[in-house]
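Quick mapping for you: the protein sequence lines, in order, are chains V and R.
Going letter by letter, the first sequence gives residues 0 to 302 in numbering that gives the first Met the number 0.
Going letter by letter, the second sequence gives residues 0 to 496 in numbering that gives the first Met the number 0.
Calculated from the structure, these hints are not laboratory results.
Even for Gly, the Cβ is constructed at its ideal location relative to N, Cα and C.
One thing to keep in mind: the hints can contain errors.
[Said to hold, decoys possible] Facing chain R, a subset of chain V residues (Cβ under 7 angstroms, in silico):
(1) 48
(2) 200
(3) 275
[To be verified] Okay, the calculated bits of chain V under chain R, using three or more residues with CB under 8 angstroms as the criterion:
(4) 21-33
(5) 84-91
(6) 187-198
(7) 278-289
[Stated by the list, open to error] Footprint (simulated), chain R over chain V, 3 or more residues, beta carbon under 8 angstroms:
(8) 53-65
(9) 202-208
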Amino acid sequence: MIYSLLFVFLALAFAPFLMSVINRTKAFFGGRSGPALLQPYYDLVKLLRKGAVYSRTVSWIFHTAPSVEVAAVLAALAVTPLGGIPALLAFPGDLLFLVYVLGLMRFCVVIAALDTGSAFEGMGASREVQFSALAEVALLVGLAAVAAKVHAVGLSDMCREAWAGGMFGENGVTMLLVSASLLVVLLAENSRIPVDDPNTHLELTMIHEVMILDYGGVDLALIEYAAAVKFWVLGSLLVSMALPFRGTSQIGNLAAGLGGLLVLALVVGCIESVMARLRLVRVPQLLVVAGVLSFLALFNVMR
Amino acid sequence: MGLFIPHIYNGEAISLSSVPVVQVKPFRLAVIAHVAAGDLISAMFAQPLGDGFRLYAVLCAPLREQLGIIATDVADSYPALTPDCPAANGFEREIFEQWGIRPEGHPWLKPIRFQPSRMTGQTPAVGITEFFSMEGGESHEVAVGPVHAGVIEPGHFRFLCHGETVFHLEISLGYQHRGIERALAGGPGGRTIHYMETLAGDTTVGHAAAYCAVMEALSGIQVPPVANSIRAIAAELERMANHIGDLGALAGDVGFLPTLNYCGRIRGDVLNLTAMLCGNRFGRTLLTPGGVRFGIDPDRRQRLLTRLDAVEKDLDTALSLMFSAPSVLARLERTGTLSMDLARQIGLVGVAARACGLSHDVRTGLPYGAYRFDSPPASTFHSGDCFARAYVRKLEVEQSIAFIRRQLNAPSAQNELRKPLLPLGPDRVTVALTEGWRGDICHVAATDHEGRFAFYKVVDPSFHNWLGLAFALRGQQISDFPLCNKSFNLSYCGHDL
Numbered sequence: 000m001i002y003s004l005l006f007v008f009l010a011l012a013f014a015p016f017l018m019s020v021i022n023r024t025k026a027f028f029g030g031r032s033g034p035a036l037l038q039p040y041y042d043l044v045k046l047l048r049k050g051a052v053y054s055r056t057v058s059w060i061f062h063t064a065p066s067v068e069v070a071a072v073l074a075a076l077a078v079t080p081l082g083g084i085p086a087l088l089a090f091p092g093d094l095l096f097l098v099y100v101l102g103l104m105r106f107c108v109v110i111a112a113l114d115t116g117s118a119f120e121g122m123g124a125s126r127e128v129q130f131s132a133l134a135e136v137a138l139l140v141g142l143a144a145v146a147a148k149v150h151a152v153g154l155s156d157m158c159r160e161a162w163a164g165g166m167f168g169e170n171g172v173t174m175l176l177v178s179a180s181l182l183v184v185l186l187a188e189n190s191r192i193p194v195d196d197p198n199t200h201l202e203l204t205m206i207h208e209v210m211i212l213d214y215g216g217v218d219l220a221l222i223e224y225a226a227a228v229k230f231w232v233l234g235s236l237l238v239s240m241a242l243p244f245r246g247t248s249q250i251g252n253l254a255a256g257l258g259g260l261l262v263l264a265l266v267v268g269c270i271e272s273v274m275a276r277l278r279l280v281r282v283p284q285l286l287v288v289a290g291v292l293s294f295l296a297l298f299n300v301m302r
Numbered sequence: 000m001g002l003f004i005p006h007i008y009n010g011e012a013i014s015l016s017s018v019p020v021v022q023v024k025p026f027r028l029a030v031i032a033h034v035a036a037g038d039l040i041s042a043m044f045a046q047p048l049g050d051g052f053r054l055y056a057v058l059c060a061p062l063r064e065q066l067g068i069i070a071t072d073v074a075d076s077y078p079a080l081t082p083d084c085p086a087a088n089g090f091e092r093e094i095f096e097q098w099g100i101r102p103e104g105h106p107w108l109k110p111i112r113f114q115p116s117r118m119t120g121q122t123p124a125v126g127i128t129e130f131f132s133m134e135g136g137e138s139h140e141v142a143v144g145p146v147h148a149g150v151i152e153p154g155h156f157r158f159l160c161h162g163e164t165v166f167h168l169e170i171s172l173g174y175q176h177r178g179i180e181r182a183l184a185g186g187p188g189g190r191t192i193h194y195m196e197t198l199a200g201d202t203t204v205g206h207a208a209a210y211c212a213v214m215e216a217l218s219g220i221q222v223p224p225v226a227n228s229i230r231a232i233a234a235e236l237e238r239m240a241n242h243i244g245d246l247g248a249l250a251g252d253v254g255f256l257p258t259l260n261y262c263g264r265i266r267g268d269v270l271n272l273t274a275m276l277c278g279n280r281f282g283r284t285l286l287t288p289g290g291v292r293f294g295i296d297p298d299r300r301q302r303l304l305t306r307l308d309a310v311e312k313d314l315d316t317a318l319s320l321m322f323s324a325p326s327v328l329a330r331l332e333r334t335g336t337l338s339m340d341l342a343r344q345i346g347l348v349g350v351a352a353r354a355c356g357l358s359h360d361v362r363t364g365l366p367y368g369a370y371r372f373d374s375p376p377a378s379t380f381h382s383g384d385c386f387a388r389a390y391v392r393k394l395e396v397e398q399s400i401a402f403i404r405r406q407l408n409a410p411s412a413q414n415e416l417r418k419p420l421l422p423l424g425p426d427r428v429t430v431a432l433t434e435g436w437r438g439d440i441c442h443v444a445a446t447d448h449e450g451r452f453a454f455y456k457v458v459d460p461s462f463h464n465w466l467g468l469a470f471a472l473r474g475q476q477i478s479d480f481p482l483c484n485k486s487f488n489l490s491y492c493g494h495d496l
């Protein structure tokens, strides 16, 4: 319990730091020194001290959305385990809860974007919904495959038992398939390359960034923070599935999990450095591949 | 054809009265026939004459290494050329908005720069005009600009979309109109060279070279060979810097960071080479009518060569990363494709045209200055897509490096940098074409009885090519627009003047 609480606090404190690790990795590949390691925190502080300008066309939906997003992502964090560390809240079926809380978060971003009435944001919303419809399938089916494999329907139990048979045990194939699928889902859901480009200033190509163009100040800080925590949540799930190591001591499990998250951030940074973004019409194909991997894992378990 | 337009050479001055003036009908037929045979309209403009106007057309025949100039007298309207010769589209809109001369039958007659009318002096509100529209389910319009997200110039883009697919893109410019041509009439003066150097800030050397060629032709002097060589070196450095910047930006637009970062730095290195020539990274103050202001001593020559080697080595690494990454090629290939036929019809010039397989390059077709002795071969590619425009840039940078090396390794015994400029001859007209890094730069100037500019006409390559961008977007994904736009990288202020 104490480690579960510790994990939540670590997530709240260090989620923006993972973004920084990605940025520094990209800078390294580009031959730059990159932004300061604490830059995401500086940005958050800067935004929190700023006022906001609201368009006259927006309604209460636009004002409420950032708070709901943060609430949703915190709820998701509460049910997120990390390897052998159980989640703060664990109950049977919490995997569905997690997926739909993240769905609620996305829903808020999308309707807030539509609320602005801007052509850009409408396009971004349309793309986000189209891609997440595919990503959600991959995520749910992947989790279902794990649940079927370990005969448990709680995320914490699933993650603890994921590699029960050891590194070369019978769970290996399922876990590798699901991990590959979750990596794609993680990149898509967190608007990273090759699906989206978090650094671009070109509205016409954006997905996530274009939907939050009208936000500023505290609202933007909340959204940026929620996005960082979302990366941490999905990253924790991926690390739990991909890390074939469960220690006997909780402190060892926590250290391994956090190390895994750090490695994940490095991997994402490397992916962003060595490949270009996909053409937008190709993105669904990538997500379908992720879905297929998840289904393969499920069939493999149920055969 | 049966209609012969007398030719002049690039940078030759002729008497204004020797420009053939024909009836409107033969004028139309001659221009249409020549363009159909492969000529480009380098410039087309009107000047007031008595109660009516004199309409000039300057044609460039790259295959015959000639320029042609022909004129006709019109009152307040004439049958438009555009329906038979789409390349005249922009020029006829310009003539209409400047002088109120109506090209009858022009399919889409609306302001092009929203400049003040030369007849009434009234300035229309920029960007307020008719636009194409589309109706139906899932069809929508996306308006972008004039204020953009990046630090770029203002321009308004309207996309008619069906879902994510672009049916048509309409581009409305004019936000950068400064009235340069109006300011030049009655010149030249002390400021003229500075107008030229900032006409399109990234093409300082290209436009300054064209202006210098005009001045030298009108005053009848020959530039010393050393000056010609330094001008060509500066022009190639400008080409390199811009092409390298563009290649990096293309990589950035597809999210490929290594090439973006390296090219940004290498572009700076090349700009610093230009600074070594004249103290300014964009080549400002280097060129002057009659020659150049700064020479290259042997020590600096050697340092330039050494640093050029370093640039070539770094660039090779950065570009081979980009051109060997399948994810980058997948984005560039078959994006924003223009056919060679379409490119010819709309009169595309420069990199964009050579990427469609057309081999027109002023340096080889109508050589001037140092290019008369050593013209880099025209670099072409056939596919007409974003990849072709990137690849042609890469080829041109390689050719430029080789050219600069050849020029630096052949020092001249002479060291005269400039000839004194003589007074401009009265009642003369000249056309100077240079190959800026975007393509053909055309300056046409005529003098009055006292040897001052009666008119000065500037055509930046962007003026020809913006329509090409609009066509390249047809049937494309709207999310690929930034990539297509960057692959053309056209000038707003060069178009708006």
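Check your understanding: Which numbered hints are broken by the structure, listed smallest first?
Key -> Hint check: 1, 5, 8 fail, others pass.
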